[in-house]
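Residue-level listing of the chains:
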Amino acid sequence: MGEIKQFRRALLSAVCTLGFLSAGAANAANWLMLQGTESPGASARANVWGFIQAQYSKDSSSTNAAGQLVPPKLIGPNLNAQSGFNINRARIGVRGTGFPIDSHVNYFLLTEMGNNGITHGGNAFAKLTDASVTLNYIPGARIRTGLFKTPGAEEGLQAIHVFDYINFTEVSNGLLLERVPNKGFTNPNTCFTPPGVPNGCTGNVGPFTEAQLQGGASENQFNAPVSAFRDVGIQVFDAFDVGKDWELSYAGMIGNGNGIEFDNSDGEYDQYLYLSAEKQYGGKGPRAEGLKFFTWSQSGKRLLDNTDDGTDNLKSYKRDRAGLGVKYLKKPFRVTAEYITADGMIWVGPDKPNFYFTNNIAHGNGADAKANGWYLEGGWYIPNSKWELDARFDTMTRLKDRKNQHKFDKWTFGLQYHFNLKTRLTVNYEKRTFKCDSGVAPCTAPPPNTPNFNLEGVGNKVGVQLTAIF
Amino acid sequence: MLNNFRSLCLVMTSLFMVSAAVPALAADDSFADYKYVLHISDMDPSKQTLILNNASNLLQGYPPGAVEIEIVAYGPGLRLMFAENVNAQRIDSLSQSGVKFTACGNTLKAMTKQLGYEPKLNPDANVVPGGILRIGELVKQGYIYIKP
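Residue numbers (this note's numbering), protein chains in the order written: chain A, 314 to 783; chain B, 1332 to 1479.
Quick caveat, the hints were computed from the structure, so don't treat them as lab data.
Glycine included, every Cβ here is placed at the ideal spot set by N, Cα and C.
Hints should not be assumed to be uniformly reliable.
Only some residues are given here: those of chain B computed to face chain A with a beta carbon under 8 Å [to be verified]: (1) Ser1372; (2) Met1374; (3) Asp1375; (4) Pro1407; (5) Phe1413; (6) Glu1415; (7) Asn1416; (8) Val1417; (9) Asn1418; (10) Met1442; (11) Gln1445; (12) Leu1446; (13) Pro1450.
For reference, chain A alone in the conformation it holds in the complex:
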């Protein structure tokens, strides 16, 4: 029995046990409750809210010996420049209790208008990211349905406007922020072939020179938005005050498994399980203090034409994810650690889920491969000041035990200045070490036939981001 399967079985038993508890519902600050419920007897009919994140990024990576760049050396989501300003998130939404004297029903609506994987991938000016209704009629079993964040890893589930870094960890970005593959990528009508670049439809795209990027070549060929850690489905969840300031929470969900797109073309459903236990130290809202232990699993299937042979031959691949972690927050300190493992549908390319770098690597190696990773991060809120220091190490091993196994290590050093409770400036410096490390070919092949031909030039990255919440 696989690691993820054992994990899921244990988690399912625990979630079922917790679901039968009949303790009174708690009002603690956890992501399930914060995003899925409203304060009983005290919520607005329509509370308008949102946030803007304006960003400047500069990537100091160098080109390969042929003067070409690959996606990790470019600024996303456009992937055509190494520096630039961006409004990476601009979200506005409304939430509340439509009939305020009845707290049994609440709703949550949010749209994205920034330039990121949600809007750029979907080629949309604005995109709905959340639209859900929660029914709070059954004690111990609230029901939330619609489009919303799936119960899972802390980085994905938490409110992004209070995320302490500019970029996600490599493990969350690579394994959890799902890129939805273009199932029909071999159809020439769905491919983009920039002038003078003869590889738009078959094989991988790029790497491109700066001139080619300026001429319209695109490293990013996805035609659908990233999943944004969300799904469309139905969730049963609740939180229980079990005394001595401890709170237990659970969630079980099924969804289409197609991110924020309203589509279930494969007829399969993803299953999500989540369990957490938190010792509450005080406060409320997204910055509530506590010590939280959490574990989760996600399981689903994806259809993919992985053969790159010009014919439609879709095949179903599993996509399983699981993780466990701990978060401690009691000012002035914060520590978070999480381990994540993945089986199937390992994303390895910006254009097609085949491979990441242009070399003689066999196609299809991500669809049935494994990966894992972890991160450890900490923050120090400098007492009697508005400054905060952050540091994080994250690592991901992709295509584990395959001949083209890759390792992505990243250090992030951060400094934040809180103008007030809702406005802050974040400065991040990322030190990245990416390499193909299987010890055999193609990792050990001579340049340019090794992925390291491109990876050795991946350098450090600086970002400055202003977040304003309203």
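With chain A fixed as given, assemble chain B onto it according to the hints.
Chain B in isolation, oriented as in the chain A frame:
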């Protein structure tokens, strides 16, 4: 001798009268130097926090027993006194400190009609026929009226 007996009877009678009167005086809190009626009828949840903060601050601002506070809720503001209200624990704590919570019966009837069932109120809330009438009575008795 008779004088002594008369004096004793007078003292006993006085003591009895005082002892009988003390509970009544305590119930009315008529020793309080300051009396406030705080009014909430807003839908805005932030007003709920504000009015409870006002009550806490008033309690802290006067010596024990020197202030009497009554919070009267009607209209959408009655949600503050729902049993499920997120501030229920705080209401209970204030109630134990002497703050009175008064719920409007007219609003309760109207909400019962809208919901199809009577909303459960906080056990600390005392229902009166009309919230606005209660405010009028209290103002007439000299209460300082505050609507945050």
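Now for the hints, and whether the structure bears them out:
Interface hint status for B/Ser1372: violated, as the beta-carbon distance to the closest one in chain A is roughly 13 Å, over 8 Å. Taken as an interface hint, B/Met1374 checks out: its beta carbon lies about 6 Å from the nearest beta carbon of chain A, inside 8 Å. Hint status for B/Asp1375: holds, given a least beta-carbon distance of 7 Å to chain A, under 8 Å. With its C-beta approaching chain A no nearer than about 7 Å, B/Pro1407 sits inside the 8 Å limit, and its interface hint holds.
With its C-beta approaching chain A no nearer than about 4 Å, B/Phe1413 sits inside the 8 Å limit, and its interface hint holds. Evaluation of the B/Glu1415 hint against chain A yields a held restraint, the C-beta minimum of about 4 Å falling below 8 Å. Annotation: interface hint on B/Asn1416 holds; nearest CB of chain A at approximately 3 Å, less than 8 Å. A hinted interface residue such as B/Val1417 counts as satisfied when its beta carbon comes closer than 8 Å to some beta carbon of chain A; here the least separation is about 4 Å, so the hint holds.
At its closest, the beta carbon of B/Asn1418 sits 7 Å from a beta carbon of chain A; the interface hint therefore holds under the 8 Å criterion. Given the 8 Å rule on beta carbons, the hint for B/Met1442 holds: about 5 Å separates it from the nearest Cβ of chain A. The beta carbon of B/Gln1445 is positioned within 8 Å of a beta carbon in chain A (closest approach about 7 Å), and the interface hint is therefore held. Given hint, B/Leu1446 at the interface with chain A, holds; its Cβ is 6 Å from that chain's nearest Cβ, closer than 8 Å.
Below 8 Å, beta-carbon pairs count as interface contacts, and B/Pro1450 has one with chain A at about 7 Å; its hint therefore holds.
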